[in-house]
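Trainee: Protein chains in written order, with this note's numbering: chain A, 1 to 807; chain B, 808 to 1145; chain C, 1146 to 1466.
Hints are computed from structural coordinates only; laboratory data are not their basis. One should not assume that every hint holds.
Each computed DSSO-like pair below joins lysine-lysine, with the alpha-carbon atoms no more than 30 Å apart [stated by the list, open to error]:
hint, chain 1, residue 1, chain 2, residue 2
1, A, Lys585, B, Lys917
2, A, Lys770, C, Lys1393
3, A, Lys56, A, Lys88
4, A, Lys715, C, Lys1393
5, A, Lys603, A, Lys585
6, C, Lys1199, C, Lys1449
7, A, Lys715, A, Lys770
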Amino acid sequence: MSRAPAYSDVQAPIYLAFWRTPFFRAFLSSPSGFLALFLAGILFATALLAPLALTKEEVYQRNVRRRLEGPSADHILGTDNLGRDILKRTLYATPLSLQLALSAAGMAIVIGFAAGAVTAYLPGRLRNVALRLIEIMLAFPGILIAIMLVAVVGTSAEGAVLAIGIAFSPSLARVAYTLAAGVAGLDYIASARVLGLSSRRIVARYIIPNIAETLIVVSLNATAAALVAVSSLSFLGLGVQGTQFDWGRLITEGVLRLYQVPLLALAPATAIGITGLTLGYLGEALARGLNPTLWTQTASVQSRSWLQRYFSSETMLLSGSALLLIAFYFLPWFSPDALDPNRTLVTGAAILAGRANLTETAIGSQVALLLLRTGAWIALLLGFLSYFSLRFRRLCAYLGLICGFGAGSYFVSILLADSTNLGAALASARLGFYLGLIATILLIAQVFSDKSATTRGSHNVIHPTSQASVVEADMSLPRPLLQVRGLTVRFDLESGAIAPVNDINLDLAEGEIVGVVGESGSGKSLTALALAQLVPHPGIVSAHYVRLRGEDITRMSAGQLRYFLGSEMAMIFQDPMSSLNPALKIGTQLTEAPRVHRRLSGKDLHRLALDRMADVHISAAERRLRQYPHEFSGGMRQRAMIAMGLMNSPSLIIADEPTTALDVTIQAQIIDVLREINQEQGTTIMLISHDIGVIVEICSRVLVMYAGRIVEDVKVTDLLTTDKHPYTEALIAAVPAFDSNRDEPLASIPGRPPDLDNLPAGCAFAPRCKYVFERCHREAPPLLHVEETHRIACFLRTEPPAEATRE
Amino acid sequence: MTSSQALQRHSADSGTLARLTSRLGPWPRFLLKRAASLFVVLAMLLALTFLLIHLAPGDPAVRKAGIDASAEQIEFERKALGLDQPLPIQFIRYVQGVARLDFGTSFITKQSVTEILQQRFPRTFQLAGTGLLIVMTVSVPLGILVGALTREGRNRRLEVAFMSLTSTSSALPEFLTATFLAFIFAVTLNWLPVGTTQKSTAIILPAISVSLRPVASLARVVRLETLNVLAQDYIRTARSKRLPTYVIFTRHLLPNVLTAALTIGGLVFAGLLGGTVIVENVFAWPGLGQRVVDAVFNLDYPVIQGIVLYFGVIVVLINTAVDILLALVDPRTLVLSE
Amino acid sequence: MNKLDVRDLVVRYGRLTAVDGVSFGIPAGGTLGLVGESGSGKSTIARAIVQLAKAGRGQILLDGMDITVAHGADLNEMRSRIQMIFQDPYSSLNPRLSVGAMIDEVLRRHRNMKAAQRRLEIGRLLEMVALDPLFADRYPHQFSGGQRQRIAIARTLASQPELVILDEVVSALDVSVQAAILNLLRDLQREFRLSFLFISHDLSVVRYMSDSVCVMYLGQIVEWKETEDLFRQPEHPYTQGLIDSIPKMIAGGDPNRIPLRGEIPDPHFPPPACRFHTRCPFGPLAHPERNRCREDDPHRLIDKSEHYAACHFPLVRQELA
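The shape of chain A in the complex, shown without the other chains (with noise of 0.2 Å):
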């Protein structure tokens, strides 16, 4: 084996190009980024191009005889009341408008997050004094406030900008206090100050990294937020004043006149709103960025091509609800004349069958815009359905295309039939509608092709599976009480599908406490919500047979599983604060179990609650049921639990870690408790635990867990005394006994727990285990007995190798 390289031998290259950084592929893996970058480009552009490329003359030079025309091949998007050109009025806004929105923004957050961070750090009373008044302040509708500071400043740009400013100040300073304070609290900035590390340093390199995530979305919604506010402002006449006009001034003038020209509204308001979508988009991708959780991506998205990921149904949802978006507001104002359906349908249906009198202007864009609407109209429709339905999804994005094309073809068209081309106009129309049905077409064929949608399985359920090779008569306990063949949990990731719980076979009889235990991710929590059946999204679960008191659950009706497991078997959790319900009484969450599945009601209820708390030992049970559970103890609380479990006498308890969350003192009486309703009630006890001297302590039988696999099956006598697998044994061992010899080291398992998605071919346990052979690394063993209450799944214990002979 060649020498490990160290880490002073690999120089990292100082220079990295720009956009090979980790920071800018995580900002552009997801189109978000691509479409921030494109969006902030253009806005860029436009602000400091406009002024240069257009005169005064043009935006202020005044035609009467022009005024309030439709779309031209000189007016692209018409002209206003004076005559004036909308576009380029649009176009030359847009520096004024960024400006003042930006420097509104920059003024709120200067103030706001000055004051937030003054005030996290602000002594005690002082503090929450300050916190009270941004909480008023906050109450109050910022525009009012903002329309009141324009009362004392006056009615100007500035004015409108100071006003927005400060009325906005006080949110921003509610989120730099909360994360301040939040952050302060952390371990890493204690373990930080422990170093002695200096403030600076810990502002610089603990404190602003964690935090500018959120700080700069928080700041790009402010602007888009105040982009809005001064545009309220300048369209209620309190902003920009006399010559100078931003994009809410011109909206004002566009309101006035919308049913004339509709465009003198729209345009800018379209700025408006793609500057809002650009500084969202560029918040989610500069949040990306600047998260190192995504510099080292898996590599199955790293794998994909960039064509992959940016053409991801994502990316056709995210433009198809774009262009639906754009269509709708677009939709009833390009030819106020062309409204009558009737009117279009007929035009549209001669041109296309080549006999409409070419001479007609505007033909083609007559065609178009019935494409356009008629499209969109039902990509609407479709798309709303698409939150619903997988199968829409594409359908949507693709009519959301369609409009796109006719758009397009439409602008075209005008263009040209204004420039009297009127063969190319009619051209430009015929290929936006021809571009339309192909995509119609692949649309229907890829819609009805996709199976995806089916394949799924529901994890609600557990899933029968074939029981040709149950072994049944692997093992026979007395009076089995519960029976379960072939459990599995599947999980289908994207990286790969794995199983953390694996073809697992086990029996409980009536009246036993069996321990499961194991590290974590050995799948032994999972087992128990696999038989509970509340193994969370996107889990698999199959078996052959669960049986619980004969009867096999896997084929059971929902009402029917509903009704036996809500009566057979009940849980009870690690924690028992977040397992209660806070808003409910006590003795509410006790009784609705049986409430549902016996039909009890009234004394009768009242009297089996008092009985089951005095099951668990909680005295004063009349007052307890009526309290809230912030008003028990942790011990308490956890016996709460146990008597809710009690309520319907069911013949199964889970106990999934139920005292790891408690101290040991409370843990000891926990463990009484347990062991109590077993022997008084003969309640069977799943116990998961991995506490190995819990399980010791209370169990009869303990199951071992290792990769998702049951590696021992053992009576706990035996436990100590009989030749266990390897696993079970260092497991063991690496737990300081009460007589160990503390001069020793302690026996550890090298290594660590396996990757589930990269489990290795033979035993699981194998690269860790120091009696591994040959035949250990080639093939899994099955779990065999080695004695008749003894099972191991290990060569060595059930066909040992010829060198390692037997005792």
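Given chain A, work out where chains B and C should sit, using these hints.
Mentor: Positioned in the frame of chain A, the structure of chains B and C alone reads:
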């Protein structure tokens, strides 16, 4: 910022109060504290609106008397407005006036401000109230529904669609929405009336325009809160008890989600009031918002003062009501306020 | 002389007295274990020693010099000699710094080294905690819990500390990983003659790591003993109760154990006199004549400069049998 946190903070900054009230039960104590904070906020509001007239550039007396008024006339108006008195006296007079519900008279129309408020407020209230109704009835079910459908990363596409739709609609300024809606439904389709308050259907468009943004932002919050609650252990507990889905949703999910919705409901209402100012101007809806813009144009200070104060009081009262409602819904709030 | 001496330390958070008159000492190269249930004030002591919490009263002496009154360069120098490793390896590492950069920050601050030297040193430190030096370029989220705790240890070693406070360092880890980390810590202790304050709720781990052990209850140390003595012959009933509560790897549980009843009271309102009397199986609950526990604080009477048990009626093993 949740209201319970606010409550916690309250208790911290009113130490003496806590000692005074420590012998009362939790409810009287809670209400007393709320009343005290209400009083402080109202006092601040009064001071702020009072200062408005003094911070503004130009002499209010000149504005009232008119630009071409003689020096005597201006002096007369100054006396009439009480501007010759020292500031504290003026403030006391102002407070006395407010207490008598006398906010002065408009410089321009010479109408009493109280009369303006009486005339105009019902319209604004109608609009904001309808808006709030729309916000609550649309965004809460929508947020819960989308939250339930997108829990644990299901239906990624629905999530993307929901997020892009809500973020786009919350970025649309009210005046744009209002204009577009007016064009589509009033002008093009001629389904609904605008520019009138005579027909009962006239409120539909203004109310929709004013509520679109809050609906989007509240629906997002409700969805997030739904996801949050659905991921809680107690929902798993409820499922482990095999309760029917409707019980899980109505009993275990809804109260917890509603708490969050209510908490920001106060802020939503404030935003809604702000929106009415703009929407009223688009639809020529004769409410306070339209009047306050006119007043700012004309620097009609008594009217601005009166309307801002009025809005302020409403916002504060609504927030107090929300806090009390929260304490009723969520038993923990009272304890936290201890 | 002891590396660290804590004398009569009191720490208050508002109206809550989290640590109330605690005294103990740690010899150079030795380990003191600190056990107790949650809310007993263990972590507060740790935070007070590294000055994350303010000591309300008492002394914290490092080599005889009081940290609580030191300031300026002295304080900085003393702080660099005391380090702390936190419980949660997920939250104690800055997610935005690579492992190398994280250690580099410490080297820059405390060690006068050139960039190239620091690079070498980072590699050496990572090797010392049995990590691949190439990991220096990775970020915390790419590591497992045990590996992160190793990174935290390497970062701590970078400042060449003399006293390291280990606050529940293995309680978030699996047993197999836990054993490896404990072994590593003991090796490092031997190599650099480190003093440890080992805080844990797990008695068996504390027993394995410590030379002497302090047992805490409601902000006070109720017993301080050599490890072997404490576990063989606990004098304070609370210590006995804690030891009895631990699962002993005896199938069916230890039949002789005396379980503790009830739960730890609200630390805002600790019981008067002996704070344990409300739960004590040997106190006034079981023996009504033992009124002294309700009236007289046992802490008043003891010399806390060496091992002690704060109990009016200390247990003797024979009495139990």
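Trainee: Taken at face value, is the distance from the CA of Lys770/A to the CA of Lys715/A at most 30 Å?
Mentor: Measuring from Cα to Cα gives roughly 24 Å; hence the hint holds.
Trainee: Holds or violated: are the alpha carbons of Lys715/A and Lys1393/C at most 30 Å from each other?
Mentor: holds, 17 Å
Trainee: With a cut-off of 30 Å on the C-alpha distance, tell me whether Lys585/A and Lys917/B pass.
Mentor: At roughly 60 Å apart (the allowed maximum being 30 Å), Lys917/B and Lys585/A break the hint.
Trainee: Can you confirm whether the C-alpha distance between Lys56/A and Lys88/A stays at or below 30 Å?
Mentor: This hinted pair holds, its Cα atoms lying about 10 Å apart.
Trainee: Hinted pair, alpha-carbon criterion (30 Å max): Lys770/A, Lys1393/C. Please report holds or violated.
Mentor: holds, 27 Å
Trainee: Are Lys1199/C and Lys1449/C close enough, with their CA atoms no more than 30 Å apart?
Mentor: holds, 22 Å
Trainee: Hinted pair, alpha-carbon criterion (30 Å max): Lys603/A, Lys585/A. Please report holds or violated.
Mentor: OK: Lys603/A and Lys585/A at ~17 Å, within 30 Å.
The structure fails hint 1 only (numbered hints given earlier).
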